[in-house]
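Given chain A's structure and the hints, the job is docking chain B onto it.
Chains A and B, in that order, give the protein sequences.
Going by the working numbering, the residue at position 48 of the first sequence is 48; the numbering climbs one at a time, nothing skipped.
Going by the working numbering, the residue at position 2 of the second sequence is 274; the numbering climbs one at a time, nothing skipped.
Just to be clear, a hint being listed does not mean it is correct.
What the hints assert, rightly or not - Which bits of chain B does chain A cover? Going by a derived footprint, with three or more residues having C-beta under 8 Å, they are:
#1 277–288
#2 369–382
#3 399–408
To be verified - To give a feel for the contact side, a few chain B residues facing chain A, derived at Cβ under 8 Å:
#4 LEU307
#5 LYS311
#6 LEU318
#7 ALA322
#8 LEU323
#9 ILE340
#10 ALA344
#11 PHE347
#12 MET351
#13 ASN354
#14 GLU396
What the hints contain is simulated information worked out from the structure, not anything from laboratory work.
All figures in this text were calculated on a predicted structure; none of them were measured in a lab.
Glycine is no exception: its CB is placed at the ideal position from the N, C-alpha and C atoms.
Each chain, written out:
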Amino acid sequence: MYKLILFIRRIAAPLLFVLIEVVAIGYYSSATSFTRARLLTISNSVTSDINGAFSSVGDYFRLRGENQMLTQRVVELEAQLARWVEDPERVHLSAEEFAPYGFLEARVVKNSVFGQHNFFTINKGVLHDVEANMAVLTPEGYVAGYVVASSERFAVCMSVANRDFTMGGKGTHNDYMGSLAWDGGDYRRVRLENIPHYANFAVGDTIVSTISYRFPPDRVIGYVEEFRPTEDRMNSYMRVRLAADLSRLDRVVLVKFMDGEEFEELHSQYGK
Amino acid sequence: MLFFVAVVLLQSLLFDNLLLTGLIVPLYYVVFVVLLPVKIGRVWLLLLGALLGVVMDISMGTAGVNVIATTAVAFVRPMIINISMGKDITHESIPYGGAIAPKSFLLYASIVVVAHHALFFGFESLGSHLFFTLAKIVISSVATVVLVALTARLFRKIVG
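Isolated chain A (complex conformation) (with noise of 0.2 Å):
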C-alpha cells in the first residue's frame, strides 16, 4: 500500500502533464476564429477600461494630424454632395427609406498585428447596436476588418491581418474579382487570389471592396504590388498593399447593411 502511494506520488507530476497539454492542445486544434474573439471578450470586461485610458493620453499628440485628415475628407464629401445637388431628380430618388448602410464611429481600445490571428477592441457594443458582421473602415474609408463578437460597451473585431479573414475584391478600372486573405507574413500586404488569368492589373492599380453582408461596395482596400499569373497559368496570383496602416488604427467607422440579413439567407440558399 505504501508503495503505491509512493508510486502515484512519483508519476503525479508527469501524469498531469501529460493531461494539462493534451487539454491543451486539442483545445487550440479545434479552436476557431470564434473561439478567440469570444476569450478576448472575456478579457476585455477587465482591461479594456484601462487600456482606453491609456489610448486616450495619445489623443493630444495625434489632434494635429487628424485634423488635416478630416478636413480632406470634408472637401471630398463635398464634392461628392456638390454633384448630388446639381442634380434634384436624383436627390428626389434617394429618399430616406432607400438608405441601405447606417454609420456609426467607435475607438479601438486593444490591437495587435504580430500573431497569425489578429483581432482588435472598440469602444462600443450591444448597448450601441454594435453587432457582428458590421464593417470597420478608417475614417479615410479604407477597409480594415469586421466586427465578430460584441459585448455590453466593447466589440471584437477581426482584422484584416487575421488567417481567417476573406472578403471580396475586384479593380476599380476593369471589375475582375478575386477572393482576399492574409498568410500570416506581413500585416501591411494582404494577397487577392483566383482573379481570372485574361483579367489585366498594372501594379498600383486600386483594389476596392465588391458588396458583401458584411462590406459596402468600392470602399478602398489597397494597391496592387506585384501581379502574375499562378503557375498552371489558370489564374492570377496579386499582392496587394493595404490602404490602412493596421497596427495604428485609432478612430474606425463602423458600417451596417441593413438588409445584411437578407442578402446573406438569399446569398446562402442560391449562391452556390
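Same frame as chain A, but now just chain B:
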C-alpha cells in the same frame, strides 16, 4: 500571489501593446515561472504554470498556445535548474539568490525563456513562415531575458 497579478497586468497592459516591430514580441510573463522558489513541489509548479497560461490565453485570445508553452517549461524547469546551477542551488531557496553565480542564473533563465518562446511561436505559426518565426523566437527571447534579468536584480535588492 501579488507577483502573479503584477506579471499578468504588465504583460497584458504593457507588453502586448508595445507595437515595436513584428520581431520583438516579449512574452515577459514567463518571468513568474523563472523566479518561483526552487523547492516548490513539481505538481504545484505545473498547476501554477497552467493557471498562468490560462489567464494569458484569455487575455491574448490565443486559445491554448500559452498553456502549452508555459506548462511545458514548468515541467522541465527542475531539470534545467539541475543542468545550469548544479550544486550551487542546494544552499539557496530562490533561483536568483546570492550563492548563485549571475552567469548560472542567466544560463538558466535563457534556457527557460528560449524554450517557452520557441514553443509559443512554433505552435502559433504551425510551421509557416519558418524564417520569420525563427527570427521572432531569437529576438523576442533576447528581449525577455534582459527583462527577466532586470527583474531578478530588482528582487535581489529588495529581498536583501
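Here's how the hints hold up against the structure:
no.: 1; hint: 277–288; verdict: holds (count 3)
no.: 2; hint: 369–382; verdict: violated (count 0)
no.: 3; hint: 399–408; verdict: holds (count 3)
no.: 4; hint: LEU307; verdict: violated (20 Å)
no.: 5; hint: LYS311; verdict: violated (14 Å)
no.: 6; hint: LEU318; verdict: holds (5 Å)
no.: 7; hint: ALA322; verdict: holds (5 Å)
no.: 8; hint: LEU323; verdict: violated (10 Å)
no.: 9; hint: ILE340; verdict: holds (5 Å)
no.: 10; hint: ALA344; verdict: holds (7 Å)
no.: 11; hint: PHE347; verdict: holds (4 Å)
no.: 12; hint: MET351; verdict: violated (12 Å)
no.: 13; hint: ASN354; verdict: violated (15 Å)
no.: 14; hint: GLU396; verdict: holds (6 Å)
The structure is inconsistent with the numbered hints 2, 4, 5, 8, 12, 13, although it conforms to all the rest.
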